[in-house]
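Visitor: The primary structure of each chain is shown beneath.
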Amino acid sequence: MNHQITHDPAFSMLRVDLQPGEVFVSEAGAMAAMSSHVELEAKLTVQQNPGIGTTLGALFAAVIRKYLGGESFFVTHYSTPYPASVWVAPTVSGSIVHRRLEGGQTITLSAGAYVASAGNIECIVKYGGLRGILAKEGAFFLKCIGNGGDLWFNSFGGVDFIDVDGTYVVDNGHIVGWEGDLEFDIKTAGGGFMGFFASGEGLVCEFKGRGRLYIQSRNLGSMTGWLLPLMP
Amino acid sequence: MHYEIRQRPNFSIALVTFDAPGEELVVEAAAMVAKDSALVMKTSMRGGLLGAAKRKMLGGESLFQNTFTASKAGETIWVAPAAEGDMLAFDMDGVQPVYISSGNYIASSPDIVLDSSFQGGKGFFSGTSLFMLEAKGRGPLFIGSYGGIHPIQVGPEGYIVDNYHIVAFTGGLQYNVKRVGGMKSMFLGGEGLVCHFHGQGTVWVATRGAAALARFINPFRPTEGKSKSGGLLDMVS
Amino acid sequence: MQCELLYQPVSTMAQIRLNAGEQFLVEPGAMIGMSANMDMRTGLASSNQGGGGLLGKLATAAGRMLTGESFFQNTYTAQNGPGELLLAHTLPGDMAMLEVGQQGLKLQSTAFVASTTGVNIQAEFGGAKTFFASEGLFLISATAQRAGEHLLVGAFGGIQEFQCDGSLVIDTGHLVAWDANLSFNVTKAAGGWISSYLSGEGLVCKFNGQGRIWMQTRNPQEYGTLIGSLLPPRTN
Numbered sequence: 002m003n004h005q006i007t008h009d010p011a012f013s014m015l016r017v018d019l020q021p022g023e024v025f026v027s028e029a030g031a032m033a034a035m036s037s038h039v040e041l042e043a044k045l046t047v048q049q050n051p052g053i054g055t056t057l058g059a060l061f062a063a064v065i066r067k068y069l070g071g072e073s074f075f076v077t078h079y080s081t082p083y084p085a086s087v088w089v090a091p092t093v094s095g096s097i098v099h100r101r102l103e104g105g106q107t108i109t110l111s112a113g114a115y116v117a118s119a120g121n122i123e124c125i126v127k128y129g130g131l132r133g134i135l136a137k138e139g140a141f142f143l144k145c146i147g148n149g150g151d152l153w154f155n156s157f158g159g160v161d162f163i164d165v166d167g168t169y170v171v172d173n174g175h176i177v178g179w180e181g182d183l184e185f186d187i188k189t190a191g192g193g194f195m196g197f198f199a200s201g202e203g204l205v206c207e208f209k210g211r212g213r214l215y216i217q218s219r220n221l222g223s224m225t226g227w228l229l230p231l232m233p
Numbered sequence: 013m014h015y016e017i018r019q020r021p022n023f024s025i026a027l028v029t030f031d032a033p034g035e036e037l038v039v040e041a042a043a044m045v046a047k048d049s050a051l052v053m054k055t056s057m058r059g060g061l062l063g064a065a066k067r068k069m070l071g072g073e074s075l076f077q078n079t080f081t082a083s084k085a086g087e088t089i090w091v092a093p094a095a096e097g098d099m100l101a102f103d104m105d106g107v108q109p110v111y112i113s114s115g116n117y118i119a120s121s122p123d124i125v126l127d128s129s130f131q132g133g134k135g136f137f138s139g140t141s142l143f144m145l146e147a148k149g150r151g152p153l154f155i156g157s158y159g160g161i162h163p164i165q166v167g168p169e170g171y172i173v174d175n176y177h178i179v180a181f182t183g184g185l186q187y188n189v190k191r192v193g194g195m196k197s198m199f200l201g202g203e204g205l206v207c208h209f210h211g212q213g214t215v216w217v218a219t220r221g222a223a224a225l226a227r228f229i230n231p232f233r234p235t236e237g238k239s240k241s242g243g244l245l246d247m248v249s
Numbered sequence: 076m077q078c079e080l081l082y083q084p085v086s087t088m089a090q091i092r093l094n095a096g097e098q099f100l101v102e103p104g105a106m107i108g109m110s111a112n113m114d115m116r117t118g119l120a121s122s123n124q125g126g127g128g129l130l131g132k133l134a135t136a137a138g139r140m141l142t143g144e145s146f147f148q149n150t151y152t153a154q155n156g157p158g159e160l161l162l163a164h165t166l167p168g169d170m171a172m173l174e175v176g177q178q179g180l181k182l183q184s185t186a187f188v189a190s191t192t193g194v195n196i197q198a199e200f201g202g203a204k205t206f207f208a209s210e211g212l213f214l215i216s217a218t219a220q221r222a223g224e225h226l227l228v229g230a231f232g233g234i235q236e237f238q239c240d241g242s243l244v245i246d247t248g249h250l251v252a253w254d255a256n257l258s259f260n261v262t263k264a265a266g267g268w269i270s271s272y273l274s275g276e277g278l279v280c281k282f283n284g285q286g287r288i289w290m291q292t293r294n295p296q297e298y299g300t301l302i303g304s305l306l307p308p309r310t311n
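Residue numbers (our numbering), protein chains in the order written: chain A, 2 to 233; chain B, 13 to 249; chain C, 76 to 311.
One or more of the hints may lead you astray.
[Said to hold, decoys possible] Listed next, the stretches of chain B that the computed footprint assigns to chain C, with coverage defined by at least 3 CB atoms under 8 Å from CB atoms of chain C:
#, segment
1, 94 to 100
2, 173 to 184
[Claimed, not checked] Pulled from the structure, derived: some chain B residues nowhere near chain C, Cβ distances all over 12 Å:
#, residue
3, TYR15
4, PRO33
5, VAL110
6, ILE124
Rather than coming from a laboratory, the hints here were simulated on the basis of the structure. Here the structure is a predicted model, which is why all the values come from computation and not from measurement. Even for Gly, the Cβ is constructed at its ideal location relative to N, Cα and C.
Just chain A, same shape as in the assembly (with noise of 0.2 Å):
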């Protein structure tokens, strides 16, 4: 899909052109403007015609979602009867990724990450078991699997990665994404039992194996914190 992101690396647009027949998907209310034919729905699930499995993870995801706060988990799909221009933006500051998934590549992503995708993309919901009940902004993961597609995903802050090959630890809140073979482990920061509650580090995921790791440098739990104190 022909496409352009602009104000990067701070506060990246995208802008696509939407061809009739051709459908683009994006995070519910990312949607800055539009040519004025372009129609909109509302779903839950990026691909057209989910499995009941899908539609149900979705669900599920976005009733948790609700609990825990953060982003709603509904999409937009657009299409449109003429030639057209949509331009989205995703909530917080950081850059727009663009990655082109072919052949079943995947990348898995924090779920607040995703932004759109367009073409031959399939993305499930995948609960993050413990990291999920207590790390607001991580609850969830979306894998994302490319068979043709484009997939774009956002950083809150800017985007660095680190190729893993062994071990690394990374702040929970500050995981986008990762593909190859990687598997995480949920830990706490150490220092002990005071280490946990006291330290801020509340919890890290430890990265083993060879792959790359997509991390922001700013992160949403983190700056609610230093927020907090600072409420009238």
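We have chain A already, so just place chains B and C on it with the hints.
Guide: Leaving out everything else, chains B and C in the frame of chain A:
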């Protein structure tokens, strides 16, 4: 240790590399982004219980700090402020002090001491949990801000700065805190306490105010008594 | 007066240099610093216009209060020599200095940061209440009798200028300013209220005509809602 500040100037993040085993970095709680698994983290109340309690009540920083110790050269740690903004690193020489706003402290070498009770320190921020700190010692001192960090070269004619935007200033400057435009403008005009600097030195100001952001977000918080559960429509709002 | 925008586009700050005696009208809370010879006076907003004495001034000030701007405004004057002002708005993002012509510009209320003394600012009611999905946001109409009058606006995110040539739809939370000659109407984003609500798009503004539209690449209400939802409830 040596360091590199990346993603400048908006999402600055410091990548610190330890040069020898046993080297330590003290980090503000929640400022660590990522680290080598081998780094050992120890949580403590810096300055003893009394010192820590005073810093918590007055300084706006948390009671606890994490000290990371390297087991060998080449181990790395990434630290960043919580706010979107820039970072500054001072290579402290053990002689010259630097004054920093408590909300801006990120990390430092263990030799650096932070003191809130220096002469003239009170009165910068009345009635809030922020405090001005005097930093002295040897090694790197990392601070972060909300927004960009703009240096102002102060000369004899002076410069006036809104207190809540002060990030840091060099020793040797004279300063006095006052209200701009009288009492009326403090409550109504938006500018409250300002600091009039004069002499010779540098004042660093943040181009965004954290307190103003907090006031913007506050109305969006859920209100007490309104339950988070609800029907289908509640789910999507 | 000279204006230099520093730290663009995220942490933008305006460095304003005034000649001796020059004045600048500034939204309270926008000042970061100023040279020691600047005089600051607080007054009722828009006291630079004519308009029937105290009652007229109060009415205009009340209008501004309803637009989300402060009741008061600060007038800065450089005394005994040139002076400097450092200004910024609350959220991260870009700023722009826009020239206000006779035709004028319309602004989303929280975008206003400062203006030269010859700009006439009016709040717009009636119909504007449904313009934004969020309360407290209204429209401002800015006009000027002579050339060379400017508005300093602040955005959440980057500023993207669109040339509307026919029609264009913009999410209302992303609007900063537009040429006053454009006609517009506010509608829901998707067909049907439910779909529009679920899709997260509250209201959109459909513009018609020829003119410039300045939009911001982030939506403050969406951001506030996200961060607010992650914070504990407030008691006030």
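Visitor: Run through the hints listed earlier and report the numbers of any the structure violates, in increasing order.
Guide: Hint check: nothing fails, all pass.
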